[in-house]
Amino acid sequence: MKNKENILNHLDEEISDYSNNLGDMEKTIASKNATKHLNIEDPAADDQDTIDLAAEIPDTDKQSVKDTDNIYLASEHPDTENLAADDQDAEEPYAGGPGGAIPDATGTKDSGQDKDSGISAGIKDQKPKDEIDDKILVAKSQQGDKAAFEKLVRLYSKYVYTNAFFILRDSHDAEDVSQEVFVKVFLSIKNFRGLSSFKTWLRKLTINTCIDKLRIKSKTINRKISLETLEEGYEVVFTDLNHNIERDFFSRETVKEVLSIIVNLEESYRVPLILRDLQDYSYREISILIKKPIGTVKTNIHRARKIIKDKMKYEKEKKR
Amino acid sequence: MDTLDKYLKIAKKAVIRPGEGDIEEKILKRLSNINDKDEKLLDDNFLDYLKKTNSRPYLISEDLKNNPGKYLMLSAAAAIFFVLIFVIARNASKKNSS
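So the protein sequences, as listed, match chains R and V.
Quick note: the first sequence uses our numbering, first residue 2, plus one each step.
Quick note: the second sequence uses our numbering, first residue 35, plus one each step.
No lab work stands behind these hints: they were computed from the structure.
Here the structure is a predicted model, which is why all the values come from computation and not from measurement.
One or more hints might be untrue.
To be verified - With beta-carbon atoms standing in for the labels, derived distance ranges:
1) Asn88(V) x Asp281(R): 18 to 26 Å
2) Asp213(R) x Ile68(V): 13 to 21 Å
3) Gly145(R) x Lys86(V): 24 to 32 Å
4) Pro294(R) x Ser131(V): 56 to 64 Å
5) Phe115(V) x Asp213(R): 39 to 47 Å
6) Ile133(R) x Asn79(V): 29 to 37 Å
7) Lys85(V) x Arg285(R): 17 to 25 Å
8) Asp36(V) x Ile133(R): 28 to 36 Å
9) Asn69(V) x Pro294(R): 19 to 27 Å
10) Leu98(V) x Lys136(R): 21 to 29 Å
11) Lys74(V) x Pro294(R): 30 to 38 Å
12) Thr37(V) x Ala140(R): 41 to 49 Å
13) Lys314(R) x Lys85(V): 45 to 53 Å
14) Lys312(R) x Phe115(V): 45 to 53 Å
What the hints assert, rightly or not - Below, computed lysine-lysine pairings styled on DSS-like, alpha-carbon distance capped at 27 Å:
15) Lys71(V) x Lys218(R)
16) Lys307(R) x Lys317(R)
17) Lys293(R) x Lys220(R)
18) Lys293(R) x Lys85(V)
19) Lys218(R) x Lys74(V)
20) Lys60(V) x Lys47(V)
21) Lys86(V) x Lys104(V)
22) Lys314(R) x Lys257(R)
23) Lys292(R) x Lys74(V)
24) Lys71(V) x Lys214(R)
25) Lys86(V) x Lys293(R)
26) Lys46(V) x Lys317(R)
27) Lys136(R) x Lys200(R)
28) Lys257(R) x Lys310(R)
29) Lys299(R) x Lys99(V)
30) Lys214(R) x Lys200(R)
31) Lys191(R) x Lys141(R)
32) Lys299(R) x Lys47(V)
33) Lys71(V) x Lys141(R)
34) Lys43(V) x Lys257(R)
35) Lys257(R) x Lys320(R)
36) Lys47(V) x Lys136(R)
37) Lys314(R) x Lys205(R)
38) Lys307(R) x Lys40(V)
39) Lys191(R) x Lys257(R)
40) Lys46(V) x Lys257(R)
Note that beta-carbon positions come from the ideal geometry of N, C-alpha and C, so glycine has one too.
Using the sequences and the hints given, assemble the complete structure.
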């Protein structure tokens with residue numbers, strides 16, 4: 002009996018030690034998390050990233066960094082930024098909506114717990130968790146919760162804007178499309194059954210709206226836009242990258258170069274390539290969407306890739 | 035993997051930060067000013083899209099059409115599996131009868 006009591010006492014001690022350690026670990030994670038959020042929210046922190054980035058590279062390349070667009074690294078998933086926004090939401094009432102101040106429906110405490118559980122669950126579990134979050138937010142939005150819809154806007158506004166910008170290559174048009182897409186979503190979210198993920202639904206809606214816009218544009222404006230009129234001042238942010246790529250400055254520069262070439266491609270090459278390689282559409286879907294035969298779509302994508310490869314090769318040789 | 039494919043894969047994770055102002059705020063401001071005229075945005079194209087995305091048979095048929103190879107492989111694997119089961123069951127019944 003004494004042995005059993007000793008064993009039980011020993012087990013109790015171990016459990017209490019373990020829970021203490023767990024508590025300490027959670028506190029450390031929470032404090033680190035808070036610091037990261039501060040860095041993301043604070044514009045000065047972004048500047049700091051730029052300075053660090055410039056410090057990593059040789060002096061000769063520093064000038065080129067200044068001359069070209071700044072690349073900021075959001076080392077966390079985009080949702081981190083939005084989760085940080087969640088905390089702000091808790092303090093600030095929803096001022097934009099017609100209903101005035103609406104309390105944060107999802108609750109700050111909940112989001113805090115989510116953050117911790119998200120970290121302990123690991124990066125691999127991040128995506129399904131996001132989908133679950135989306136489902137909750139969509140369900141609440143369908144019930145008329147404006148705060149939940151605002152969160153969806155904050156989560157996906159840049160995603161929608163980016164997709165629109167790459168296809169339309171005009172920041173004002175991209176803004177218009179982003180607003181139009183979210184108005185459509187706001188007005189019809191009650192009818193969304195959720196058979197596909199919200200992100201997929203939103204992405205396809207954005208692409209459809211952009212293609213419609215391009216069709217209207219091609220009827221009214223001359224298609225051949227001078228490359229000089231293209232916007233060069235856009236800023237590319239990488240999200241959800243693995244750490245090896247984050248550290249590899251040259252990979253990021255090359256990706257930026259590739260994106261720049263894509264944006265400058267002719268519409269007949271650019272749109273199918275973006276749909277295929279950046280949006281994962283099938284050749285069949287692209288063919289239906291842009292109303293061109295599958296053969297033409299395949300040829301144009303092949304040619305677009307060849308143009309990109311040739312230009313990259315040329316740039317590489319030029320640097321030597 | 036092709037080098038370009040590698041860069042395009044990374045490019046999928048790129049997000050453009052809008053130059054002028056905050057896009058989130060602009061969208062939220064626009065949403066706060068929704069009126070009856072905005073109902074016009076829900077045109078036939080959009081309603082058709084909404085109807086299609088809310089239809090499970092349509093989504094399955096689209097998936098089938100977009101990934102014919104995948105389903106061909108799956109059905110071939112399923113056919114082989116059932117043939118194997120059938121052969122094993124027949125052999126077992128023959129052994130039992132003998």
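Hint-by-hint comparison with the structure:
Take asparagine 88(V) and aspartate 281(R): their Cβ atoms lie about 21 Å apart, and the range 18 to 26 Å holds. At about 20 Å, the beta-carbon gap between aspartate 213(R) and isoleucine 68(V) stays in the expected band of 13 to 21 Å. Distance hint check for glycine 145(R) and lysine 86(V): the Cβ-Cβ separation is about 25 Å, which falls inside the suggested range of 24 to 32 Å. At about 60 Å, the CB distance of proline 294(R) to serine 131(V) agrees with the hint of 56 to 64 Å.
A hinted range of 39 to 47 Å for the beta carbons of phenylalanine 115(V) and aspartate 213(R) is consistent with their spacing of about 46 Å. Taking 29 to 37 Å as the suggested C-beta distance range, the pair isoleucine 133(R) and asparagine 79(V) conforms, at roughly 31 Å. With their beta carbons about 20 Å apart, lysine 85(V) and arginine 285(R) fall inside the hinted range of 17 to 25 Å. Under the hint 28 to 36 Å, the C-beta atoms of aspartate 36(V) and isoleucine 133(R), about 35 Å apart, fit the expected range.
Between asparagine 69(V) and proline 294(R) the beta carbon distance is about 42 Å. The supplied range of 19 to 27 Å is therefore violated. Against the hinted window of 21 to 29 Å, the Cβ-Cβ separation of leucine 98(V) and lysine 136(R) comes to about 25 Å, which satisfies the hint. Checking the proposed 30 to 38 Å range against lysine 74(V) and proline 294(R) shows it holds: the Cβ atoms sit about 33 Å from each other. Look at threonine 37(V) against alanine 140(R): about 43 Å separates their beta carbons, and that is inside 41 to 49 Å.
The hint said 45 to 53 Å for the Cβ distance between lysine 314(R) and lysine 85(V), and at roughly 47 Å that hint holds. For the pair lysine 312(R) and phenylalanine 115(V), the supplied restraint of 45 to 53 Å holds, since their beta-carbon distance comes to about 49 Å. For the given pair, lysine 71(V) sits about 22 Å from lysine 218(R) by alpha-carbon distance, which is consistent with the 27 Å threshold. The hinted pair formed by lysine 307(R) and lysine 317(R) meets the criterion: a straight-line CA distance of about 15 Å does not exceed 27 Å.
Among the hinted pairs, lysine 293(R) with lysine 220(R) is consistent with the structure: their alpha-carbon atoms are about 17 Å apart, no more than 27 Å. Of the pairs offered as hints, the one joining lysine 293(R) and lysine 85(V) holds, with about 24 Å between alpha carbons and a cut-off of 27 Å not exceeded. Among the hinted pairs, lysine 218(R) with lysine 74(V) is consistent with the structure: their alpha-carbon atoms are about 19 Å apart, no more than 27 Å. For the given pair, lysine 60(V) sits about 23 Å from lysine 47(V) by alpha-carbon distance, which is consistent with the 27 Å threshold.
A hinted pair counts as satisfied when its Cα atoms are at most 27 Å apart, and lysine 86(V) with lysine 104(V) qualifies at roughly 22 Å. The straight-line distance between the Cα atoms of lysine 314(R) and lysine 257(R) is roughly 15 Å, inside the 27 Å bound, and the hint therefore holds. At roughly 25 Å between alpha-carbon atoms, lysine 292(R) and lysine 74(V) fall within 27 Å of each other, so this suggested pair holds. Only pairs whose Cα atoms come within 27 Å are accepted, and lysine 71(V) paired with lysine 214(R) is accepted, the gap being roughly 19 Å.
Of the pairs offered as hints, the one joining lysine 86(V) and lysine 293(R) holds, with about 21 Å between alpha carbons and a cut-off of 27 Å not exceeded. Between lysine 46(V) and lysine 317(R) the CA atoms are separated by roughly 23 Å; this keeps the pair inside 27 Å, and the hint holds. Proposed proximity of lysine 136(R) and lysine 200(R) is supported: the alpha carbons are some 10 Å apart, at most 27 Å. Among the hinted pairs, lysine 257(R) with lysine 310(R) is consistent with the structure: their alpha-carbon atoms are about 14 Å apart, no more than 27 Å.
The suggested pairing of lysine 299(R) with lysine 99(V) holds, with an alpha-carbon distance near 17 Å, which does not exceed 27 Å. Note on lysine 214(R) and lysine 200(R): the hinted pairing holds, with a Cα-Cα distance of about 21 Å set against a maximum of 27 Å. Between lysine 191(R) and lysine 141(R), the direct Cα distance comes to roughly 10 Å. Compliance with the 27 Å bound is thereby established for this hinted pair. Distance restraint check for lysine 299(R) and lysine 47(V): the Cα-Cα separation of roughly 24 Å lies within the 27 Å cut-off, and the hinted pair is therefore satisfied.
The suggested pairing of lysine 71(V) with lysine 141(R) holds, with an alpha-carbon distance near 25 Å, which does not exceed 27 Å. For the suggested pair lysine 43(V) and lysine 257(R), the alpha carbons sit about 12 Å apart, so the restraint of at most 27 Å is met. Distance check on the hinted pair: lysine 257(R) and lysine 320(R) sit about 16 Å apart at the alpha-carbon level, within 27 Å; holds. At most 27 Å may separate the alpha-carbon atoms for a hinted pair to count; lysine 47(V) and lysine 136(R) meet this at roughly 22 Å.
Annotation: proposed proximity of lysine 314(R) to lysine 205(R) is violated, straight-line Cα distance about 33 Å (limit 27 Å). Between lysine 307(R) and lysine 40(V) the CA atoms are separated by roughly 15 Å; this keeps the pair inside 27 Å, and the hint holds. Taken as a hint, the lysine 191(R) and lysine 257(R) pair is broken in the structure, with Cα atoms around 38 Å apart against an allowance of 27 Å. Between lysine 46(V) and lysine 257(R) the CA atoms are separated by roughly 11 Å; this keeps the pair inside 27 Å, and the hint holds.
Violated hints, in rising order: 9, 37 and 39; the structure is consistent with all others.
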